[in-house]
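Peer 1: Sequence:
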Amino acid sequence: METTSAGQTPTTPRKKMTKQLTGKRDDTALHSAARAGNIIAIREIINDAAREEELMELLSKENSAGETGLYIAAEYGYFEVVREMIKHYDLSAAGIKARNGFDALHIAAKQGDLEVVKVLMESHPELSMTVDMANTTALHTAATQGRIEVVNYFLEQESSLATIARSNGKTALHSAARYGHLEVVKALLGKEPRIATRTDKKGQTALHMAVKGQNLEVVEELIRADPSTINMIDTKGNTPLHIAARKGRPQ
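Counting in my numbering, the sequence shown runs from 1 upward without gaps.
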């Protein structure tokens, strides 16, 4: 099976898609090398930059999808490539968002790629505070996807990340509860237990979210964390029990 220069093996569908889309994305040579995981080509491209200004322009260059070379390397999970590239990125360039609203750290967090997350954070820990268009942190993105290792890593770096809400008022706990990610719920509550009573713009707690989902264990965990949430009402006057009854979940 063919491997990349970074020693990683992309999946066949992704390789096929790459061949179809690369030419349509206005990729630079750096984008293409990052997409191929070609660390040797990346080093040559970077070393060929005559001036610092030229290098920064090269690194910050976005293709038609708003992706930098660093973003692409992070998306593909090329840890060695990301480690090589991030040496040359300042915080501003590392935090450039693609058109989907994600920067390199967000996409790595979404995919649960702990190695890539770590190497980005070791260079620029401030990236953990960057948000997408809906004010979503990388921690929140990881929590929504149930990426427990990445969630634990972020919480170890800065537990207050768990208190940051999206523009709709939902915290990472709301999202983890809604999608039934029990271990993520436990991790968030373990670091910031007070977020159990946080409400979104609809007045709903994480417990309201949990009863909309499918995981009874998450419901029980949230009740244990703060029993008062059973009686908290949203803007329409509904407690979590009201929502559970409507959804036919008598437990």
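To be clear, the hints were calculated from the coordinates, so they are not data collected in a lab.
Fair warning: there could be bad hints in the mix.
As the list claims (entries may be wrong) - Below 30 Å or equal to it, Euclidean Cα-Cα: the simulated DSS-like pairs (lysine-lysine) are:
1) Lys-236 with Lys-186
2) Lys-212 with Lys-191
3) Lys-118 with Lys-202
4) Lys-87 with Lys-97
5) Lys-201 with Lys-212
6) Lys-87 with Lys-118
7) Lys-247 with Lys-212
8) Lys-110 with Lys-212
9) Lys-87 with Lys-110
10) Lys-247 with Lys-97
11) Lys-212 with Lys-186
12) Lys-87 with Lys-212
13) Lys-236 with Lys-201
14) Lys-110 with Lys-191
15) Lys-201 with Lys-186
16) Lys-61 with Lys-87
17) Lys-191 with Lys-202
Said to hold, decoys possible - Cβ pair distances, simulated, as ranges:
18) Ala-65 with Gly-237: 31 to 37 Å
19) Lys-186 with Glu-44: 44 to 50 Å
20) Leu-241 with Glu-57: 53 to 59 Å
21) Lys-236 with Glu-149: 36 to 42 Å
22) Glu-44 with Gly-203: 52 to 58 Å
23) Thr-197 with Glu-44: 16 to 22 Å
24) Lys-186 with Lys-247: 42 to 48 Å
25) Asn-47 with Pro-125: 17 to 23 Å
26) Glu-158 with Thr-235: 26 to 32 Å
27) Ala-49 with Gly-203: 43 to 49 Å
Note that the structure is a prediction, hence the values are computed from the model and not measured.
A virtual CB, placed ideally from N, CA and C, is assigned to each residue, including glycine.
Peer 1: Hint by hint, which ones does the structure fall short of?
Peer 2: 3, 10, 12, 18, 23, 24, 25 and 27
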